[in-house]
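Colleague: Protein chains in written order, with our numbering: chain X, 1 to 207; chain P, 1 to 266; chain Y, 1 to 478.
Read the hints as simulated data drawn from the structure, not as lab findings. Any given hint could turn out to be false.
Below 27 Å or equal to it, Euclidean Cα-Cα: the simulated DSSO-like pairs (lysine-lysine) are [to be verified]:
no. : chain 1 : residue 1 : chain 2 : residue 2
1   : P       : 243       : Y       : 113
2   : Y       : 113       : Y       : 90
3   : Y       : 40        : X       : 52
4   : P       : 243       : Y       : 218
5   : P       : 200       : P       : 243
6   : Y       : 218       : P       : 200
7   : Y       : 218       : Y       : 90
8   : Y       : 443       : Y       : 463
9   : Y       : 113       : Y       : 218
Read off the chains here:
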Amino acid sequence: MSSRDLILARVRAAVAGVPDVEVPRAYRGTASAAAGAEGLVELFAERVRDYKAVVHVVAEPEVPALVARSVAERPARRLAVPGGFPASWLEQSEIDQVTDEPRLGAADLDAVDGVLTTCALAIAETGTIVLDAGPGQGRRALTLVPDYHLCLVRADQIVAGVPDAVARLDPVRPLTWISGPSATSDIELNRVEGVHGPRTLEVVIVV
Amino acid sequence: MRVALFITCVNDTLFPGTGRAVVTLLRRLGVDVEFPEAQTCCGQMHVNTGYRDEGVRLARHFVDVFRDYDAVVVPSGSCAAMVREQYPRLAGSGAAGVVAGKAGGGGAGAGRASGFAAAAAETTPKVYDLSEFLIDVLGVTDVGAYFPHRVTYHPTCHSLRGLHLGDRPTRLLQQVRGLELVPLPGAEECCGFGGTFAVKNPDISAAMCADKVRNVLDTGAEVLCAADNSCLMHIGGTLHRQKTGIRVMHLAEILASTEHRQGGSR
Amino acid sequence: MSRTFLGMPGIASPGKSGQTFPGNAARAVQNSQLRFNLRKATRTIRARRASVVNELPDWAELRQAGKAIKDHTLRNLDTYLIQLEEAVTKAGGHVHWAADADEANRIVAGLVKATGETEVVKVKSMATQEIGLNEALLEEGITAYETDLAELIVQLGDDWPSHILVPAIHRNRSEIREIFADNMSGWGRPAPDDLTDDPAALAEAARLHLRERFLASKVAISGANFMIAETGTLVVLESEGNGRMCLTLPETLISVVGIEKLLPTWRDLEVFLQLLPRSSTGERMNPYTSMWTGATEGQDFHLVLLDNGRTGVLADEVGRQALRCIRCSACLNVCPVYERAGGHAYGSVYPGPIGAILTPLLRGMETELDRSLPYASSLCGACYEVCPVAIDIPSVLVELRARARHPWTERAGMAAAGWVFNRSGRLARLQRIGGQMRTMVPKRLPGPLSGWTDTRDLPRVPKESFRDWWNRTDGGSR
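Just chain X, same shape as in the assembly:
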């Protein structure tokens, strides 16, 4: 008998005659509040700041200037920019754009100063941004190896809670949920920001 058949047979013997269970879903499900509602922007900004990320809330026309200022302050010169990232947002930035086509090797990725991306959606209650490798987001390693990640979030991408996010995401796409910069609690259970992932996370909310 294969281990597969053995395990399945053991499972069937173990649960034979055990009654099944209904799942009560009395918790808060998908919110009635529309994505991007004003309260959500404020809550999201506050929750992301709690993780010690840098947060800006700006109107669309101010985005190019803000991005230029942010990367200059870092300072970040060579920045990875995934395909599909709105070119207009980079109009005022003095940077060397590095594309991922053909794919950058790990060492090349390590050599860039940072990465600029959009996102698939964001969650207000938990201060989370989710990337799904869609346009402007790139593959997973792109937002991991560089030490600086600037992420642009449109207000209408901000949903209220985790159930709203799960309902909108496509599980078949590779997903990365990001809540603040890389951190650890492994030393005396105190949170310290900055380990292997980007040590600086800057989130620009475009209203």
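Given the structure of chain X, go ahead and fit chains P and Y onto it with the hints provided.
Modeller: Same frame as chain X, but now just chains P and Y:
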């Protein structure tokens, strides 16, 4: 209403003053409490130490003794929690039948087991910790007590997380004239008694108790109060060994105290 | 069936006779540095957990849903395992089945060898810890590098994990500094000469030490927090980014996952992504969560489904609820016994309250150590209260105690007590004898009862029991 007192084996044997205080208090509030003499022990020590068959025998005895009363008052959060939480489980488990099988012989097992389940289902909802009986059944929080001392209250695990007594005991204490109630830091943490745990894991138990005692000392209280004498025996034994001068008193003893006659006979 | 292997061959070898929880704990409790470290860490995390749990108005409902989803999954585990296998395979992944630790280790070693590599990077995983994968790989000439900061501390310190989430919780910052300064050079890039014990500096040292390793690794091994049957998606929650490094950079990814980690539907994650981070690290959300389905971004993906005793637990009517566990470690952080005994005393990779039930359920109660684990609790109930999937740990402990073999002296004592309590007349007579001999009770008790009188005085035995008072005074009316 027929009200019975389940004194518990520990109180009966080692802390009769608590039982006398409950009787005094209930009489003062107009309750004619009875003491069914056939009562012994709820079976908690046996069940929690792994002797379930013995424990079920005692549980069966308990429901036989108390099933005809309208209310059973228990001056021990732990024993009340044993009856209310564990009896239904014991009745549902195979052990109830096994014991019946041994005692009754062969085929009588199943019938007697379901008899225990029915009796347990009938009896357990009528079992109250003292503070529940006073507040939920009698509807009183001011029991007319007088106790001019600085007191801190340890809620005990089974009162807190088993019975969910909440603030009932402290509401009662707040109404006691002259009493100054001071909060106990880390109140919700276990004192380390845990029945036979104190004997099987003496080092951890003592370490837990040492922290509890430090918190009690930090309050500057004269009296440590709880609704369970087994926890008080544990903490009190350490307080006494360390010659701290802090007394331990069961909630009933403070509530029974009046200007004329002060309780606390240890 | 051979006994289920649960790691930790050294410190508290399950085969070594004489090991018991009380004995291990008695030694641990004397270690004031250990107690200080644990006290500080567990108290920090307790407060954080409480604040983020209390801010959710529907925590109780999420907990009920989490419990029910897990129970439903376990009830239909065969169906969902087959569904998962199909979905993963369809998405280009390879699924392997391992009945026990040996088989899982053999499968993983074979997969690594097939790549021609002799080094692998690892994401922190309880399943691989449980089966002793690192040791098994070493025997095959393969070196596994732990990349989680706490696992790195344990590996560099030649130590054993003592906590599910933070395996190095027993180490404080200055001990960690020493371990890094002394041992990093033996495993790769040395620690900076001017390393301080500032946690940020220690994290930076780990970053530098592992950086090149991540960038060069061809094979990674992970576990998973959840597997979604309907989509074949695997989910890993982490904080540092070491997980993302291992999951995305290497060409081959091997995930070893216990069969109970399944969830039926994608939607079920909406419950567990709220329950787990808040219970575990006390955060609204952990910094990074990765989700992937099958072979992703050109990677070669292997999933090893691990039984290793789980189906035995599933057959246990009372014990099967332990399979709901999502390894958050909230029960450890709140446990007064764990706080003082530390994780090593439990002699298993699963310490604390969940370990006190899971270890004997998986491994049986053949040894003295495993028989003593169900007694490693005062039954205070704090673990049950914080468990996000409502595992009634105290009830399972009591059930296991009923199944354990007991020492004969205790059996005799309990039988005698039972005999006395069976008739109130016997109890009354014993109370009277006690009352008469009250002055003869020694200050120090003999034998196993001496544990009490070592630090506590006994109460004085009263002259008269309550029942005798009641009879003498007719209930106080005379």
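Colleague: Okay, which hints does this one fail, numbers in order?
Modeller: 1, 4 and 6
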